[in-house]
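Q: Sequence:
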Amino acid sequence: RMMAGLLFLPEESLKAGSAMQLGLGSAALTKFCHKRLRWHTTAVEINPQVVSACRQWFKLPPDDERLKLVMADAAKAIAKVSNEVDLLHVDLYDHDAAAPVLDSESFYKDCFGALADGGVMAVNLFGRLAGFEESLARITRAFGPESAIRVFKPTREGNQVVLAQRSPPELTAADLQARAERIEAKFKLPAKKWLKNLKR
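All residue numbers for the sequence shown refer to my numbering, where the first residue is 105 and numbers rise by one.
Rather than coming from a laboratory, the hints here were simulated on the basis of the structure. Treat the hints with care, as some may be off.
Have a look at the derived ranges for each label pair, beta carbon to beta carbon [as the list claims (entries may be wrong)]:
| no. | residue 1 | residue 2 | range |
| --- | --- | --- | --- |
| 1 | Phe-236 | Met-175 | 36 to 44 Å |
| 2 | Glu-209 | Lys-292 | 35 to 43 Å |
| 3 | Glu-209 | Ala-289 | 20 to 28 Å |
| 4 | Pro-166 | Glu-274 | 19 to 27 Å |
| 5 | Glu-169 | Asn-301 | 32 to 40 Å |
For glycine and all other residues, C-beta sits at the position ideal for the given N, C-alpha and C.
Could you build all of it, start to finish, from the sequences and the hints given here?
A: Quick look at the structure:
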């Protein structure tokens, strides 16, 4: 679901895009963007132990001309990026996974500013203490009335992914279905299922 932004990106971005992950996790998103999409990919992680685990246990490759791992605070890192990221993944939690570490309107405004025109932010709003409606309201205010906000139904585990797009193109249901079929065929992602579980 965190990759569902692919459905809404401009066609040229799918061929040569850029991705950024705020929070490395198990590096699954970073590896997919780097290896399968073959995009320029930057991952921002503040915890050196997470980085070591991903390098040692989860086969995160070393940096190269398309992959860059940045050890930094995500809020400071994203504030320095301007109008260049096609797909931004935000998955930032504390040790207890109780609520997002960064969830302010100003943070989401910085995320908006980092996106290229047509770029998409995917946010995982999982957490026992997280107020989903409040987070969604902050994202909506930060991205503004011209943006497109889409929400997945929550999973059984409590994950709820939100997509927010800067300068969204006009896409018909037929356009999205065709895109989903191409993405599913090329990358083996459940894109047609995404469409069934997304709402504006």
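Q: Okay, Phe-236 versus Met-175 on CB: inside 36 to 44 Å?
A: violated (30 Å)
Q: For the range 32 to 40 Å, tell me whether the beta carbons of Glu-169 and Asn-301 fit it or not.
A: holds (36 Å)
Q: How does the Cβ-Cβ distance of Pro-166 and Glu-274 compare with 19 to 27 Å: does it lie in that range?
A: Given about 41 Å between the Cβ atoms, the range is violated.
Q: The hint says 35 to 43 Å between Glu-209 and Lys-292; measuring C-beta to C-beta, is that right?
A: holds (36 Å)
Q: Honestly, do Glu-209 and Ala-289 meet the 20 to 28 Å range at C-beta?
A: violated (39 Å)
In this structure, the earlier hints numbered 1, 3 and 4 are contradicted, and the remaining ones agree with it.
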